[in-house]
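Participant: In order, the protein sequence lines correspond to chains Y and W.
With full-length UniProt numbering applied, the first sequence covers 1 to 265.
With full-length UniProt numbering applied, the second sequence covers 1 to 370.
Everything labelled a hint here was simulated from the structure, so no lab data went into it.
Every residue, glycine too, gets a C-beta built ideally from N, C-alpha and C.
Mixed in with the good hints, there may be bad ones.
Derived CB-CB ranges, DEER-like [stated by the list, open to error]:
hint : chain 1 : residue 1 : chain 2 : residue 2 : range
1    : W       : ARG296    : Y       : ARG239    : 40 to 46 Å
2    : Y       : ALA103    : W       : CYS280    : 44 to 50 Å
3    : W       : ARG231    : Y       : GLY233    : 51 to 57 Å
4    : W       : ASP251    : Y       : ARG75     : 38 to 44 Å
5    : W       : ARG231    : Y       : ASP260    : 50 to 56 Å
6    : Y       : PRO133    : W       : HIS243    : 23 to 29 Å
7    : W       : SER319    : Y       : HIS204    : 49 to 55 Å
8    : Y       : GLY233    : W       : ALA239    : 47 to 53 Å
9    : W       : GLY172    : Y       : GLY185    : 56 to 62 Å
10   : Y       : GLU256    : W       : ALA365    : 55 to 61 Å
11   : W       : PRO241    : Y       : ALA221    : 43 to 49 Å
12   : Y       : ASP130    : W       : SER319    : 25 to 31 Å
13   : W       : ARG299    : Y       : ALA117    : 37 to 43 Å
14   : W       : SER179    : Y       : ALA129    : 28 to 34 Å
If you want the ones that stay clear, here's a sample from chain Y, every Cβ over 10 Å from chain W, calculated [unchecked claim]:
hint : residue
15   : ALA157
16   : GLY176
17   : GLY231
Negatives, chain W to chain Y, calculated, CB over 10 Å [as the list claims (entries may be wrong)]:
hint : residue
18   : ARG61
19   : ASP101
20   : ALA139
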Amino acid sequence: MTPTPRKPRLAVWKFASCDGCQLSLLDCEDELLDIAAAIDIAYFPEAARGVIRGRYDLSLVEGSVTTAHDAERIRDIRARSRVLVTIGACATAGGIQALRNFADVRDYAAAVYPDPAHIDTLATSTPIADHVPVDFELRGCPVSKRQLVETIAAHLAGRRPVVPAHSVCIECKLRGLTCVMVARGTPCLGPVTQAGCGAICPAHDRGCYGCFGPMETPNAAALAERARELGLGQDELRRAFRSFNAAAPAFREESERHDDQNDQG
Amino acid sequence: MEPEDRVIVAIAGLNALIGALDRDGYRVLGPTVRDGVIACGDISGVDELPAGWSDEQDGGRYRLTRSGAETIFGFTSGAQAWKRFLHPPRQRLWRATRDGDRVRVHAEPAPDERFAFIGVRACDLHAIAIQDRVLTEGAYPDPFYTARRKELFIVAVNCARAGGTCFCTSMGTGPAATSGFDIALTELPGEGGSSFVAQAGSPRGAALLRDVADRPATAEECAAAEAIVARTAASMGRAMPDHDLRALLLDNPDHPRWDDVADRCLTCGNCTMVCPTCFCTTTEDSADLSGTESTRTQRWESCFTMDFSYIHGGSVRASSRARYRQWMTHKLATWIDQFGTSGCVGCGRCITWCPVGIDITEEVAAIAQG
Ligand code: SF4
Ligand code: SF4
Ligand code: SF4
Ligand code: SF4
């Protein structure tokens, strides 16, 4: 009799984040039993207590690097992981906490904490890929359940996950939704944002907020120009590009174009 | 078609036609007002058609308006092309299941849905004929499209108005429906509501018309119908420049205008999604976590994505310039080499539904200027 092959070991790691992406995994109730049957969940602080040391076949990393300790820890995790996948806007772009990159973090600390001297933090919030090589990035704030399960399933089957990097518009049109930009004049970040959410916002008659970060070849300047024609002012344009994926280069550059000293309009 | 072949169908007759198609087992689809646009959906009677509605269209702009008249077909190109039904965004191709060491492949059965389309415009009739050439002819016909197409019943409508982005006249594809339909209607507005001058285009259409028509059309009614279509032809919102487009585009792969449009283009792919002739697809595989079942699905793809031209080592068309040029050159030039006609029917959807209003006729005009 051949021995049963060892089940692949999955680890989920948390850095600076809200836990929303890990919860997306817990939220996959129907699939979770299958996941647990197919893989050994080795470290998952949101779901199980036991911490297993050693090596991991697949590490899912949530959150951004905001402290010197985190910068060390991610190197250790990388060394222990065969495949490392970052999940969510924090891990892939620095998250909403990367707003500090546009300001002085000491001002934020002073505004939030009674005794900011005890706060030991880096001046920036940076994506995991700035620190270690990453095998695959799963976007979103939070990630989509469907894409998360797909990524795990693809990993188990040894194939490439179906996670296209094209625009939200393509998803929007596949669903047969009405374009809010064209039919209502509502500015929408869909054309510059990566698909994955299923075009949730246009389905509810709102413009896309860009939760999934820049698509493969974003032309943010051209979209911003159109949004300006539709009535967005300088502050609104800056804020539109400076949210969950503020530090993603294409969005950062565009929001900076609408900073006071740079705005042309 | 001779005037003596034309008959008058009242609104009640149109309703009876829809009912008859429904009884014959067709899924009847027609224009409906939905989510702020006119889009095709299931209908069960004339009441669901967009009476009194019209639209305003321009580059990157669509607004539903009240037409001020009670006409049923007083709007122009709908938000979606009929390809959504004949060549749907997603089509399962096959499934495979594993039982121990055995793998079984289950081919997707041919669809048995029979569609009846109500209100197909001349541009879209041409678009369907173009997709027929692409998807039913040649060495590898698409079995799903072919099955749906074979059963399709088409009620065409001659346009009583041209939209702001329409240019069928200059593409030679409209606004009059000349072939490719089972029944064609021209709406005549009237005091007590519209009536339709109708003509049959197939034996099936003729048989149904006999049941629902009131009486033969008079010479005056036929002339009025023709005048409506002639007025539409003369009021197109756009025009494609009168040029040998194939030669123009193939001779100008390095025209500076490609850089100019690349600055504006978002590479979002909306134009290809709404275009009634764009047929490209990719395949996606999915598998369950236990590895016992997998599925291959065909889904609409666009030449604006990087995956589209991905080969080992990277994408062939990495720049937006190359991708916009591919789209336009395929539509207007290389399509002719491949399939014998232009790939553009002048419906104007790519102009209206481009979020930044890039206009294919304007881009051609700029290149034609030298
Ligand atoms: S609503 Fe937004 S995502 Fe959808 S097609 Fe329009 S611009 Fe693109
Ligand atoms: S290229 Fe544009 S105008 Fe021509 S058929 Fe396609 S969507 Fe219509
Ligand atoms: S224009 Fe692009 S998407 Fe449309 S048929 Fe040609 S290659 Fe395909
Ligand atoms: S031409 Fe318009 S619709 Fe087409 S990809 Fe470019 S921006 Fe999108």
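Participant: Now tell me, hint by hint, if it's right for this structure.
Facilitator: Outcome of the hint check:
no.	hint	in the structure
1	W:ARG296 with Y:ARG239: 40 to 46 Å	42 Å, holds
2	Y:ALA103 with W:CYS280: 44 to 50 Å	45 Å, holds
3	W:ARG231 with Y:GLY233: 51 to 57 Å	43 Å, violated
4	W:ASP251 with Y:ARG75: 38 to 44 Å	56 Å, violated
5	W:ARG231 with Y:ASP260: 50 to 56 Å	54 Å, holds
6	Y:PRO133 with W:HIS243: 23 to 29 Å	52 Å, violated
7	W:SER319 with Y:HIS204: 49 to 55 Å	34 Å, violated
8	Y:GLY233 with W:ALA239: 47 to 53 Å	37 Å, violated
9	W:GLY172 with Y:GLY185: 56 to 62 Å	34 Å, violated
10	Y:GLU256 with W:ALA365: 55 to 61 Å	36 Å, violated
11	W:PRO241 with Y:ALA221: 43 to 49 Å	29 Å, violated
12	Y:ASP130 with W:SER319: 25 to 31 Å	27 Å, holds
13	W:ARG299 with Y:ALA117: 37 to 43 Å	55 Å, violated
14	W:SER179 with Y:ALA129: 28 to 34 Å	57 Å, violated
15	ALA157	5 Å, violated
16	GLY176	6 Å, violated
17	GLY231	13 Å, holds
18	ARG61	6 Å, violated
19	ASP101	13 Å, holds
20	ALA139	28 Å, holds
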